[in-house]
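Colleague: First residue of the sequence shown? That's 157 in this note's numbering, and the numbers climb one at a time after it.
There's no promise every hint is true.
When the alpha-carbon atoms are kept at most 30 angstroms apart in a straight line, the in silico DSSO-like pairs for lysine-lysine are as follows [what the hints assert, rightly or not]:
no., residue 1, residue 2
1, Lys383, Lys498
2, Lys447, Lys383
3, Lys498, Lys448
4, Lys304, Lys383
5, Lys447, Lys395
6, Lys395, Lys498
7, Lys334, Lys304
8, Lys304, Lys395
9, Lys334, Lys395
10, Lys395, Lys450
11, Lys383, Lys395
12, Lys498, Lys447
13, Lys498, Lys452
14, Lys383, Lys452
Keep in mind the hints are simulated off the structure, nothing from the lab.
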Amino acid sequence: KRKKKRKIRKVEGEQEADGMAGKGRAAASASASASASTVSIAVPGSIIDNAQSLELATLLAGQIARAATIFRIHEVIVIDNKDLSVDDSMVAKTGNSDGNESGAPFLIKILHYLETPQYLRRSLFPMHNSLRFVGLLPPLDAPHHVRKHEWSPFREGVTLEERPLHSSGTLVNVGLSKNVMVEQSLEPGVRVTVAMGTSRALGTDGLKQVVTHFTPQEEMGLYWGYKVRYAANFSSVFKNCPFEGGYDHIIGTSEHGLIVNSSEYAIPTFRHLLIAFGGLGGLEECIEEDKKMKGKDLSEVFDSYLNTCPQQGSRTIRTEEAVFISLQYFQEPIERAIQRFKEQ
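I would like the entire structure built from these sequences, with the hints used as guidance.
Modeller: Here it is in C-alpha cells:
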C-alpha cells in the first residue's frame with residue numbers, strides 16, 4: 157500500500173533525480189549488482205478487443221512482444237477490467253479453454269508463446285484457436301532462443317516424464333540432440349532455466365543445474381526474456397507485484413503528461429521500474445474503472461506522468477505504437493539510472 161503522496165514534477169539533472177529516491181528505494185542494497193535491476197511494463201488487455209479479426213489481434217500482440225524484447229523488458233503485466241472480487245489466478249481457467257479468447261487472456265497467451273523458445277512450444281502449448289495465426293509473426297530471436305548448434309552457458313528447457321536410471325535427478329529437453337540431466341527432482345512438464353557449465357562443447361554429458369530465470373542476467377548480464385503477469389484490474393498491478401518491496405519508481409504515459417526532453421529526464425536509481433500504458437481512454441480511464449483507485453489523484457499513483465510524443469501528427473497514438481515510442485524515449489534515462497546505481 158502506497159502511504160506517501162507522490163510528487164509529479166519535471167526532473168532536471170542527475171543530482172535532483174537522486175534526491176527523489178523515495179520509499180522502498182532506500183531498502184535496495186548498495187552492494188547489489190546493477191544487473192539485478194528490472195524494468196516492467198503494464199498494458200491493458202482491452203487493446204485486443206479493438207482488433208477487427210483474430211489475425212489482426214495476433215499481429216497486435218506480436219508488436220507488444222517485439223517491443224518488450226527489443227527494449228529488454230523483464231515483466232509484461234496485462235491489465236484486465238475485472239471486479240475486485242476476481243482473483244488474478246482466474247485467468248488460468250479462462251486461458252486454458254479450447255474456445256475463442258479475447259482481451260487479456262488472448263494477449264497473455266500470445267506473449268507467453270512468443271517468449272518461449274521454438275523447441276519447447278510443442279511441449280508447452282497444445283493446439284488452440286488463439287494460436288492459429290502465430291506463424292505470421294516474426295520471431296523474437298531473443299538470447300534465450302538458442303539454436304541447436306549454438307553454445308550458450310544457459311538454456312531453457314522442459315522437464316520430462318522419463319526418469320534417468322540410477323539417479324534421483326530429472327531429464328530435461330534443452331533443444332539439443334540429447335536430453336540433459338539435472339540434479340533436482342522435478343515434476344514433468346515444467347519450464348526451467350538450466351546452467352550448462354563452462355565447456356563450449358555441445359555435448360550433454362555431466363549433471364546440470366536448474367537455476368532461477370534471472371540468473372543469466374545477474375551472473376552474465378544476459379537478457380533472458382520477459383515474464384508475463386495477469387492483473388485483474390489496475391490496483392492488482394501493485395498488489396501482486398512479484399518483487400520484494402514492490403516497484404520503487406512508477407511512470408505513467410499519457411498525452412496529458414508533462415513534456416520533458418529525453419536527454420533532460422533523469423530516472424532515480426531503481427531496483428524495479430514500472431512503466432504503465434493506457435488503452436483507448438488512457439490511464440485516467442484505467443484508474444477510474446478500478447473501484448479501489450477511483451478518485452485518486454495521479455500524484456498518488458505515479459512518480460512521473462509523461463507525454464513521450466508531444467509533436468504527434470495523428471490525433472491518436474495506439475497503445476502498441478505508444479509502447480515502442482515510449483520505450484525508445486526511456487532507453488537512455490534508464491541506462492543512466494543503471495549506471496549511477498552501478499557506481500554507488
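Colleague: It remains to establish, for every hint, whether it holds in the given structure.
Modeller: Now the hints, each set against the structure:
no., hint, result
1, Lys383 <-> Lys498, "24 angstroms, holds"
2, Lys447 <-> Lys383, "27 angstroms, holds"
3, Lys498 <-> Lys448, "37 angstroms, violated"
4, Lys304 <-> Lys383, "23 angstroms, holds"
5, Lys447 <-> Lys395, "14 angstroms, holds"
6, Lys395 <-> Lys498, "29 angstroms, holds"
7, Lys334 <-> Lys304, "11 angstroms, holds"
8, Lys304 <-> Lys395, "40 angstroms, violated"
9, Lys334 <-> Lys395, "42 angstroms, violated"
10, Lys395 <-> Lys450, "16 angstroms, holds"
11, Lys383 <-> Lys395, "17 angstroms, holds"
12, Lys498 <-> Lys447, "40 angstroms, violated"
13, Lys498 <-> Lys452, "35 angstroms, violated"
14, Lys383 <-> Lys452, "29 angstroms, holds"
Checked against the numbered hints listed earlier, the structure breaks hints 3, 8, 9, 12 and 13; every other hint is satisfied.
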